[in-house]
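Chemist: Those protein sequence lines, which keep their order, are chains A and B. The opening position of the first sequence corresponds to residue 48 in my numbering, with each subsequent residue numbered one higher. The opening position of the second sequence corresponds to residue 11 in my numbering, with each subsequent residue numbered one higher.
In short, the hints are calculated from the structure, not lab data. Heads up, a few of these hints could be off.
[What the hints assert, rightly or not] In silico DSS-like pairs for lysine-lysine, Cα to Cα no more than 30 Å straight-line:
id, chain 1, residue 1, chain 2, residue 2
1, B, Lys66, A, Lys111
2, A, Lys240, A, Lys226
3, A, Lys211, B, Lys88
4, B, Lys78, A, Lys211
5, A, Lys211, A, Lys240
Letter by letter, the chains look like this.
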Amino acid sequence: MRQLIIIGSGPAGFTAAIYAARANLSPLVVASSVEVGGELMNTTEVENFPGFPDGIMGPELMQKMQEQAERFGAEIRYDDVTSLELTGDVKRVTLGSGIVEEAQAVIFATGSAYRRLGLEGEDRLSGHGVSWCATCDGFFFRDKTIAVVGGGDSAMEEATFLTKFASKVYVIHRRDTLKASKIMQQRALSNEKIEFVWNSEVTDILGDDAVAGVTLRDTMTGETRDLALDGLFVAIGNDPRTHLVHDQLALTPEGTIAVTGRSSRTSVPGVFAAGDVIDPTYRQAVTAAASGTVAALDAEHYLASLGDAGEPAPAEDQLVQA
Amino acid sequence: MTAKATTSATFEQDVLQAEGPVLVDFWAAWCGPCRMVAPVLDEIQAENPDKITILKLNVDENPDLAMKYQITSIPAMKVFQGGEVATTIIGAKPKFALEQDLAEFLK
Chain A
48 MRQLIIIGSG PAGFTAAIYA ARANLSPLVV ASSVEVGGEL MNTTEVENFP GFPDGIMGPE
108 LMQKMQEQAE RFGAEIRYDD VTSLELTGDV KRVTLGSGIV EEAQAVIFAT GSAYRRLGLE
168 GEDRLSGHGV SWCATCDGFF FRDKTIAVVG GGDSAMEEAT FLTKFASKVY VIHRRDTLKA
228 SKIMQQRALS NEKIEFVWNS EVTDILGDDA VAGVTLRDTM TGETRDLALD GLFVAIGNDP
288 RTHLVHDQLA LTPEGTIAVT GRSSRTSVPG VFAAGDVIDP TYRQAVTAAA SGTVAALDAE
348 HYLASLGDAG EPAPAEDQLV QA
Chain B
11 MTAKATTSAT FEQDVLQAEG PVLVDFWAAW CGPCRMVAPV LDEIQAENPD KITILKLNVD
71 ENPDLAMKYQ ITSIPAMKVF QGGEVATTII GAKPKFALEQ DLAEFLK
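Pulled out of the complex, with its shape left as it was, chain A reads as follows (with noise of 0.2 Å):
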């Protein structure tokens, strides 16, 4: 049995993992099959992780992560985790390849997942000029017609991403007031290509094959009006991915996972939560980075704290046993 598996590759799941590495406890990474690295591998610059003054491209810090968790002895599985059983003193982690990984203590750190708008024409026209990711899809819509749903940091940076290709991209915001960062208001504010469109959600997705506009309802006289678009980016904040936990461990009315105060200890007794999935507030990379420290410091004193009573005799002392 392992002493510590943690789930997720973000800069919560790997933080977690360059401590619990360098505290000699040999974690395993499960960093999904298909989404290692996390939210910050969807960005472009990152500007605001301290110690790069010219900023870094999201996934090559991702990737010097990695590289420093691995240097320590993480081992990185790229698998996705079906199914968790956390309650017992022997946690069971079922992957998408049907290996069951077992350890003492786990780490989740699955952070969040877009939110949808939940309007039937999302799904339907998903890829078919709806999207949650400006940096993968934006180079379709050259010199085409645009919006971008929400008005925090993620909105004004995929907004302002997106001119590079659009000829046009609205912002439509349900209030007339942005969330995001005066930096990053101010940027899109004095773009000429961008134009707000305040006080207003959107109702509907049109078009039959492709996105050929949205119905916006005003959101002060309840107005509603038609907007031709070629494509409708969606940022309009995230959910703590808690699915395969939330029969398991405690959650809080906002939906993320409970921990004890400052600490990463959930109401399972060696299960530990770092990064978005405990986080409805802040949710930087930053901030992500310093819950993964803590929930391994934690993991640690936890795996300390159980002595060598968990431990399987030495094969020598069966064999006396015997």
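Starting from the structure of chain A, add chain B where the hints point.
Modeler: Structure of chain B alone, referenced to chain A:
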């Protein structure tokens, strides 16, 4: 076994005239999720050499086909059978999820 490439010049022969099902992976070098899903597709190809042919199509180098098949999001994986699109899969997915999506072609 690494999936082979197809281009605008060879698409007719490689894909539309092919006998069995052909999965075309529309990708680009700048697309992170495309790089993630590529080795998964390679594995599926290696495990099912007689059932399906998997070909990669670079959308930067073959924009005409990307436009013809209305690609607006990559990775986009389209399975062609008898010259027609039989299934479309959008976005990188874990192997078991792709195998489910492709079940009818991997039988």
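Chemist: Indicate, hint by hint, whether the structure satisfies it.
Modeler: Against the structure, the hints come out as follows:
With a C-alpha separation of about 28 Å, the suggested pairing of lysine 66 (chain B) with lysine 111 (chain A) holds against the 30 Å cut-off. Between lysine 240 (chain A) and lysine 226 (chain A) the alpha-carbon distance is near 21 Å, which keeps this suggested pair within the 30 Å criterion. Of the supplied pair hints, the one linking lysine 211 (chain A) and lysine 88 (chain B) holds, its CA atoms being roughly 28 Å apart against a limit of 30 Å. Proposed proximity of lysine 78 (chain B) and lysine 211 (chain A) is supported: the alpha carbons are some 23 Å apart, at most 30 Å.
For the hint linking lysine 211 (chain A) to lysine 240 (chain A), the alpha-carbon distance of about 9 Å falls within 30 Å, and the restraint holds.
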